[in-house]
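Peer 1: Chains as they are written, first to last, in full-length UniProt numbering: chain D, 1 to 347; chain E, 1 to 347; chain G, 1 to 347.
No lab work stands behind these hints, which were simulated from the structure alone.
As the structure is a computational prediction, the values presented were derived from the model and not from experiment.
Mixed in with the good hints there might be a few duds.
Copies of the same chain look alike in the list, so a pair counts if it works inside one copy or between any two.
[Unchecked claim] With a Cα cut of at most 27 Å, we get these calculated DSS-like pairs of lysine-lysine:
(1) K90 with K196
(2) K90 with K229
(3) K229 with K303
(4) K229 with K136
(5) K6 with K262
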Amino acid sequence: MQFTAKDIAFMLNGTVEGDPLVAVNHLAKIEEGSTGSLSFLANPKYEPYLYTTNASVVIVNNSQELTAPVNTTLIRVENAYGAFSLLLEKYNTIKLNKSGIEQPSFIHSSVKIGAEPYIGAFAYISQDVVMGDNCKIYPGCYIADNVKLGNNVTLFPGVKVYFDCVIGNDVVIHSGAIIGSDGFGFAPNADGTFSKVAQIGNVVIEDNVEVGANTTIDRATMGSTYIRKGAKLDNLVQIAHNVDIGQNTVIAAQTGIAGSTKLGENVMLGGQVGVVGHITIAKGTQVQAQSGVSRNITEEGKKWAGSPAIGYTADMRSNVVVSRLPELEKRVNELEKIITELKKKGD
Amino acid sequence: MQFTAKDIAFMLNGTVEGDPLVAVNHLAKIEEGSTGSLSFLANPKYEPYLYTTNASVVIVNNSQELTAPVNTTLIRVENAYGAFSLLLEKYNTIKLNKSGIEQPSFIHSSVKIGAEPYIGAFAYISQDVVMGDNCKIYPGCYIADNVKLGNNVTLFPGVKVYFDCVIGNDVVIHSGAIIGSDGFGFAPNADGTFSKVAQIGNVVIEDNVEVGANTTIDRATMGSTYIRKGAKLDNLVQIAHNVDIGQNTVIAAQTGIAGSTKLGENVMLGGQVGVVGHITIAKGTQVQAQSGVSRNITEEGKKWAGSPAIGYTADMRSNVVVSRLPELEKRVNELEKIITELKKKGD
Amino acid sequence: MQFTAKDIAFMLNGTVEGDPLVAVNHLAKIEEGSTGSLSFLANPKYEPYLYTTNASVVIVNNSQELTAPVNTTLIRVENAYGAFSLLLEKYNTIKLNKSGIEQPSFIHSSVKIGAEPYIGAFAYISQDVVMGDNCKIYPGCYIADNVKLGNNVTLFPGVKVYFDCVIGNDVVIHSGAIIGSDGFGFAPNADGTFSKVAQIGNVVIEDNVEVGANTTIDRATMGSTYIRKGAKLDNLVQIAHNVDIGQNTVIAAQTGIAGSTKLGENVMLGGQVGVVGHITIAKGTQVQAQSGVSRNITEEGKKWAGSPAIGYTADMRSNVVVSRLPELEKRVNELEKIITELKKKGD
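Just chain D, same shape as in the assembly (with noise of 0.2 Å):
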């Protein structure tokens, strides 16, 4: 593919300041641009580069000033950051404009497949799934009976989906993950064995949610799991069953969700978090890395950090202090020791 400034700048409805003729075929950072690339520069930290660039041609914002001379092609528009984002996502449209019906595929004769699909070689579609329009399923996926798919939903070579889960509209779900394998229920008998407690719920992923690479969400018990609308979830992450993950929650890699925990709306946990079972954690609520949440969290909106997680200023305090402990023990040593000399001397 390979664009004028030009072209770009009727796409982007933005005016040309330079060769207009100038080609590009490629998008780079504005310190790592070459012959043929297009940039941009929205944040001012970066503005030194904007004089020194070898991108061919740079988009930003109307209000951008020149303090030195210029050897790109710019493109002016009122918003630098948003226009580039738009041609970020077109150019990933195109990267990713797979369609199609691939061979060897296994697809059931019950399955109902909307209209304009991709489905790649080695991907298995079992009894009575039902996929809405525009979705694109890659090679190696695997859908169990009677799985749900709403429209627009992209599986990523490789994803698993077990029966019975309901995925909604326009659901990303990266390479690897496995979605609605059987939570983690074993009942203990008097002989130091373990039975197996049977996992029949299912997964219900709602609208606008992406799932990173990897990432792990066991089944209901019974009932459903929970990843409501808008939900993000990163690489590794482990959803036990029962969980339910508030609207627009966003989950660090690694991070780990035991249980039936139900987060609120807008939830922010860093990665390699983990959350105990059966809690609830206020809307709003942010959790540092590497954190450890044992407890109810009612108050909505506030951060925390530490394990077990207390207030996040609160544990930036005591880490300071855990830091000089040994000190700190040395100067009670001392204390203890001056004390003892001066009851001496009162006697």
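Given chain D, work out where chains E and G should sit, using these hints.
Peer 2: Below, chains E and G without anything else, positioned relative to chain D:
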């Protein structure tokens, strides 16, 4: 599937109280029951739902007394929880009742397959593999050369088993789990590079083990990595080379065990626990989520917590003081000031 | 495979002491040796086993002195450990000696395949992929559009490589690893929802890298996520977008590196470590398992521990005091009481 209250009472050896012909077609929690639901009541905490539930049928203990009118049909049995678990299990068995060999699959001519197999499309079964009876190999699984599977082994979609591994009877491995990948062994060279140490051992999984989704179990450098009889591993667990996991040991999600460590029987590890390499953990040890075990644990049946782990109660107490450390430090500052003054006076 | 002591001595340029015709057919640790085993002795700690082992042949150093009668055949070599490692490697090479292109596989007509490939059944190799010589692509792997592989690349079963990624020579990637999934980038909107930031960069894996099972490496937003020459990543590791992992850096299992962080050469990270985004870690840094690195580390070759990480020795010392914090608090309580009394007296 649809059953009457009478059918179910017959299966469970129970007695019907109410309409024996009312029909149910799914299982639900008592608090979420609707027309057609079959529920149960075992925990007295949930008794109020018995009088308000919309479930068509509820299984209760023979001993259950009624303190208000009930609108649903009851089935009385000796042990309501046990009876319901039995139904869950039967339900699951029906759900997972796949059989036959689907095409295209790849089965080497030397493979020995037991009675009544299920081998899904895109499954790959390599040279000299031996499979017992009633094995279910879901689509996209890979079983390398010379692997042995016992009877009643279920590999959910996308499980990969490397060469020479041995899997016992009644083992369930969830999607995406990797059995027998190389142990992480590299010998440092003088120039800062590393040379791989070949990993030629295997993994031995004994009877009645369950392995969670996307869990990884590395093959031994030499000899075997063992997962002993009845052990249960959750999702995203990491078991390094030459580890030995004891009988009936239970490991929650995202926990990692470093190389050559030996866990005793009936150990329980919470989620996100780390255990260092080359240590031994005594029988019956319990470790709190997110803890880090860095030394041998020789005393049986004790609880541990913290990173590095100390006794559970000691850790709980230390955590409380950690949260008031800034205050403690201020108190020591104050004491030092007073002492300095007292000493001045004393001089 | 079966060899005589004489054959092996010839391969290793060693001398036989005992029966040159005794046959061995597998490798084993000296303490686990049985008839037909070939073992080695390098670590003096294991010398007692030399006199009791059932291994048929043991490789020892030329310098090894015998303090008791030996019942097994010895092969004496300059460096017993090195010689045995060589055998391990040869054994592994034979074990993994797959070749040819199996059917059904999916190979786009535009793909360029080097000499002596192995492409397993159900592997998917997409448009414009270029593969070097001696590549082994195991069953169920997926290689997206425009990916480049060097020579001697091994992708174990089920590896997924997203579009545009570049993999160097002599790279090994274990089962279930995901290369090039989208970075976790979402821009918050005023209504609490998030808009995806398209991730159009790639992943570049340089020569001699090994990547563990189910590890995830995200593509850059723009530009590249780098895994430099000779780096070794264990299982279930998370590498976020735009991260740069230095040459010969070693990362143990379940560790996660957040976005845009740069690790220097020969860094060593223990298991379950977390490193925040947008920082730089100096060459030769070593970080203890379960630590959390939250700031730039500029001094080379230092050891760190704790979450947040501080100097290793300081952390060890603080941990000791943490475990006696409840006692320390009591001592401060006691001091306060005494001081109050002393002050009373003084007044």
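Peer 1: Now, for every hint given, state plainly whether the structure supports it.
Peer 2: Now for the hints, and whether the structure bears them out:
no., hint, in the structure
1, K90 with K196, "between (48 Å within a copy, 12 Å between copies)"
2, K90 with K229, "within (24 Å within a copy, 33 Å between copies)"
3, K229 with K303, "within (23 Å within a copy, 40 Å between copies)"
4, K229 with K136, "within (20 Å within a copy, 35 Å between copies)"
5, K6 with K262, "neither (51 Å within a copy, 37 Å between copies)"
Hint 5 from the list above is the single one not met by this structure.
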